[in-house]
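S.K.: Quick note: the sequence shown uses our numbering, first residue 13, plus one each step.
Don't read these hints as lab results, they were simulated from the structure. Predicted model, so just to flag it, every value in this text is computed and none were measured.
Estimated spans, in silico, between C-beta atoms of each pair: (1) Gln165 x Asp121: 16 to 26 Å; (2) Arg104 x Pro52: 14 to 24 Å; (3) Thr170 x Ser57: 48 to 58 Å; (4) Asp150 x Pro55: 22 to 32 Å.
Each residue gets a CB set at the ideal place from its N, CA and C atoms; glycine is no exception.
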Amino acid sequence: MRKALLLLALVLAGGLVASRLLTTDPAAFPPEDGPPNPLPSCPDSPNCVRTTWVYAVGADTLFTAARAALEVTGAEGVVADAAARRLDAVYRAGVFRDDVAALVEPYGDGAALHLRSASRVGYSDLGVNGRRVRRIRDALQDVLQDVLQDVLQDALATAPR
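Start from the sequences and build out the full structure, keeping to the hints where you can.
M.R.: Structure (structure tokens):
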């Protein structure tokens with residue numbers, strides 16, 4: 013019985029150490045120079061990421077691309093408010109559900125995307141939100157590249173010869 017309790021204590025201690033090492037580090041996602049992020053701040057637990065990215069495309073284009081990026085990365089039930097340029101989505105991580113909010117606003121000659129990914133329960137997310145935000149960013153860059161290629165092809169096709 014003592015050995016079982018000792019083993020259980022070691023497993024729990026190891027789990028706590030691992031959860032500290034594998035959590036999302038908010039400092040890994042510093043906001044770019046841009047407007048302040050209006051989405052709710054993350055709590056003092058490492059299960060949330062909040063950041064802002066600035067792109068050299070219009071707000072409507074960025075909103076459409078952000079929606080596609082959320083869908084490509086596995087978001088369920090994306091709710092889009094086109095007038096407010098806001099997207100809300102749910103992601104599943106095993107049995108857990110995490111919430112992602114995205115807000116697009118014009119900024120300078122382009123647009124800013126504010127993003128927040130947060131676990132609904134628990135203290136640590138074992139880095140899930142950080143990895144998700146990176147996947148969303150990568151998918152968004154792919155979508156925007158495709159959009160810009162289409163625009164360029166259309167411009168070349170309609171250019172006078």
